[in-house]
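K.L.:
The lines below spell out each chain.
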Amino acid sequence: MTAILTEVLGRRVVASDTAEEIGEVKAVVADRTGRRFTAIHVAGRRRSAELVDWNDITAIGSDAVMVTSAGAVTGVPDQRAEDAVKGAIDYLGATVLSTDGVVLGTVSDVHFDEAGGTVVGLLTKEGRIEGDRIRGLGTFAAVVDAA
Amino acid sequence: MSDPAPQHRLVRATDVSGLPVVTIDGGEDIAEIRDIVYDGASHRLIGFTLNKRGWFRGTLKQRLEADSVHAIGPDAVMVATEADLTESGAAPPALEGDAETYDVIGTRVLAADGTELGSISEVVLSTARDPEAVGYEVATDDGTVFVPISAELALSDDNLLLPASATDFIHNDLAGFGAAVMPFRSGLTDEEETP
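Those sequence lines, one after another, are chains A and B. Using our numbering, the first residue of the first sequence is number 1, and each one after it goes up by one. Using our numbering, the first residue of the second sequence is number 1, and each one after it goes up by one.
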């Protein structure tokens with residue numbers, strides 16, 4: 001199953017074991033390669049940012065994102081996650097830069113595989129960019145192989 | 001496709017100044033091109049000095065050697081990874097000094113028959129992997145023309161002498177110059193496939 005990032009943002013996050021509502025999806029954390037989501041940023045319960053590792057997601061349903069348990073919630077583990085929580089690294093609105101040094105557009109949405117968190121496509125106004133072209137995601141740009 | 005094939009795209013050296021240096025593996029802007037270091041005697045691009053990025057940009061100690069560049073684009077200079085910057089002290093001597101300008105600007109350009117074309121106003125670079133200097137922009141009485149760099153160019157402190165063989169490659173627009181010169185140059189060197 002695949003999903004679209006903007007449709008998942010704002011969805012309730014619920015613990016599978018207790019049915020407790022943990023908060024809502026505020027953002028996702030992508031790894032440095034930009035090819036995989038590693039965690040979701042859950043907001044709403046505490047003032048400090050909370051993350052759930054992608055491996056602790058049991059289902060991304062149409063109404064709620066199910067996670068293994070409330071105990072799966074962690075703090076911000078590293079700088080990469082910190083940058084994502086603060087919005088410094090965010091696919092939505094990221095500049096797409098080719099390995100030739102040409103700006104190709106701006107990311108408007110991300111198409112991803114729910115189970116593994118693999119990014120399968122970037123959507124831009126200029127068209128779709130397949131996930132296997134992605135080379136890196138940072139504060140400056142999402143870098144993709146030149147066509 | 002509106003862009004010409006990248007291997008034929010050329011840029012004026014000064015247009016590269018100010019471009020961000022971006023890592024392919026991380027999408028980070030790790031530096032900004034300050035100056036182009038060019039050896040006029042050998043017509044060779046050596047590399048770039050760098051500034052820090054951001055509002056309070058100072059100079060950066062690291063250098064970027066031409067060999068370490070993945071590509072020069074209109075929007076960024078691409079490197080594979082942050083380690084492709086050369087630490088101060090490890091760069092070639094010409095890159096270490098504060099050699100801020102290439103020393104060919106203003107040099108008079110003469111054709112083989114002794115007529116003066118004008119004077120060099122710019123160095124023209126190729127933009128693909130391992131960028132190099134491929135030509136000069138020459139300011140003439142009637143605007144600018146581009147002349148190719150070849151092994152036959154004779155350069156002194158006063159004059160650049162164009163061989164007769166260069167005449168066919170003189171163009172007054174950069175795109176036309178690139179289309180003429182790049183196939184000619186790749187014929188001179190071993191055919192090198194770039195992905």
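Treat the hints loosely; a few may be bogus.
[As the list claims (entries may be wrong)] Here are a few chain B residues that sit away from chain A, every Cβ distance over 12 Å (derived from the structure): (1) L19; (2) T23; (3) D29; (4) D35; (5) R44; (6) S68; (7) H70; (8) A71; (9) L117; (10) T127; (11) A128; (12) D173; (13) L174; (14) M182; (15) P183.
[What the hints assert, rightly or not] Chain B is nowhere near these chain A residues, computed Cβ spacing over 12 Å in every case: (16) G23; (17) G34; (18) T68; (19) V76; (20) E82; (21) L92; (22) S98; (23) L104; (24) H111; (25) G116; (26) T118; (27) R135; (28) G136.
[What the hints assert, rightly or not] Here are the simulated EDC-like pairs of lysine to aspartate or glutamate, each with C-alpha atoms no more than 20 Å apart in a straight line: (29) B:K52 x B:E82; (30) A:K125 x A:D78; (31) B:K52 x B:D39; (32) A:K86 x B:E116; (33) A:K125 x A:D109; (34) A:K125 x B:D75.
Rather than coming from a laboratory, the hints here were simulated on the basis of the structure. On a predicted model such as this, the values are computed, not experimentally measured, just so you know. Using N, Cα and C, we set each Cβ at its ideal position, and we do this for glycine too.
K.L.:
Can you give the numbers of the hints that this structure goes against, from lowest to highest?
P.N.:
1, 2, 3, 7, 8, 10, 11, 17, 22, 23, 27, 28, 30, 31 and 32
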